[in-house]
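Trainee: Sequence:
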Amino acid sequence: MKAFFVISCVLVATVMADISEKVIPILSQEQDISPDGSFSTKWVSGNGISVQEQGALKNPGTKDEAQVIKGAASWTDPNGVPVQLSWNADENGAVFQGSHIPVAPEIPVLIQRALAWNAAHPSKEDN
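Numbers -17 to -1, 1 to 110, taken from mature numbering (1 follows the signal peptide of the UniProt record, and there is no 0), label the letters of the sequence shown in order.
What the hints contain is simulated information worked out from the structure, not anything from laboratory work. Check before you lean on any hint, since a few could be wrong.
What the hints assert, rightly or not - Computed list of lysine to any residue pairs in SDA-like fashion (alpha-carbon distance at most 20 Å, straight line):
id, residue 1, residue 2
1, 25, 35
2, 5, 19
3, 53, 37
4, 53, 15
5, 53, 69
6, 46, 11
7, 53, 97
8, 41, 83
9, 53, 27
10, 53, 36
11, 53, 26
12, 41, 76
13, 25, 11
14, 41, 23
15, 41, 82
16, 53, 40
17, 41, 27
18, 53, 20
19, 107, 97
20, 41, 18
21, 53, 107
22, 53, 74
23, 53, 83
24, 53, 87
All values reported here derive from a predicted model rather than from experimental measurement.
Input sequences plus hints: build the corresponding full structure.
Mentor: Shown next as structure tokens:
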């Protein structure tokens, strides 16, 4: 009897669950991929998400060859706040910028002075 009750509850919960999946249309999409490795892509979806990105090969054929990518995206968060994100990536890594990304607080003046003093007066162990 307990098993019947549990199975019935699971079936009712499954039937009552909102399993409708919204299909978000892509309103526009552009892509260009070149033989030299460069590319650009851009798309906009029906729910307001917009993405664009460009990339190219830097110093092709050398030991310093690296992919360089720049891009941006925008959307509205669940609270209705517009979010904009941009990024640059190269041989040194990726840097992301956006108002929603936390920023470390500035170093207090006293600590800056202490760091400057330490740099100007290295300990004998550092020599």
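Trainee: Residue 25 and residue 35: Cα distance at most 20 Å?
Mentor: Since the Cα atoms of residue 25 and residue 35 sit roughly 4 Å apart, the hinted pair holds (cutoff 20 Å).
Trainee: For the pair we were handed, residue 53 and residue 37, check the Cα-Cα distance against 20 Å.
Mentor: holds, 5 Å
Trainee: Below or equal to 20 Å on CA atoms is what counts here, so check residue 53 against residue 15.
Mentor: Holds - the C-alpha atoms of residue 15 and residue 53 are around 15 Å apart, at most 20 Å.
Trainee: Is the hinted pair residue 53 and residue 20 satisfied, with a Cα-Cα distance of at most 20 Å?
Mentor: holds, 14 Å
Trainee: With the threshold set at 20 Å, check whether the alpha-carbon distance from residue 46 to residue 11 stays at or below it.
Mentor: Status violated; Cα separation ~38 Å.
Trainee: Does residue 97 lie within 20 Å of residue 107 when you go C-alpha to C-alpha?
Mentor: Cα-Cα ~17 Å, so holds.
Trainee: Does residue 36 sit within 20 Å of residue 53, going by the straight-line distance between their CA atoms?
Mentor: Within the cut-off at roughly 6 Å; holds.
Trainee: With the threshold set at 20 Å, check whether the alpha-carbon distance from residue 41 to residue 83 stays at or below it.
Mentor: violated, 30 Å
Trainee: Decide if the proposed pair is consistent with the structure: residue 53 and residue 40, CA atoms, cutoff 20 Å inclusive.
Mentor: OK: residue 53 and residue 40 at ~12 Å, within 20 Å.
Trainee: Take the C-alpha atoms of residue 5 and residue 19, compute the straight-line distance between them, and say whether it is at most 20 Å.
Mentor: Violated, at about 38 Å.
Trainee: For the pair we were handed, residue 53 and residue 97, check the Cα-Cα distance against 20 Å.
Mentor: violated, 38 Å
Trainee: Regarding the pair residue 53 and residue 83, is the alpha-carbon distance no greater than 20 Å?
Mentor: holds, 19 Å
In this structure, the earlier hints numbered 2, 6, 7, 8, 15, 17, 21 and 24 are contradicted, and the remaining ones agree with it.
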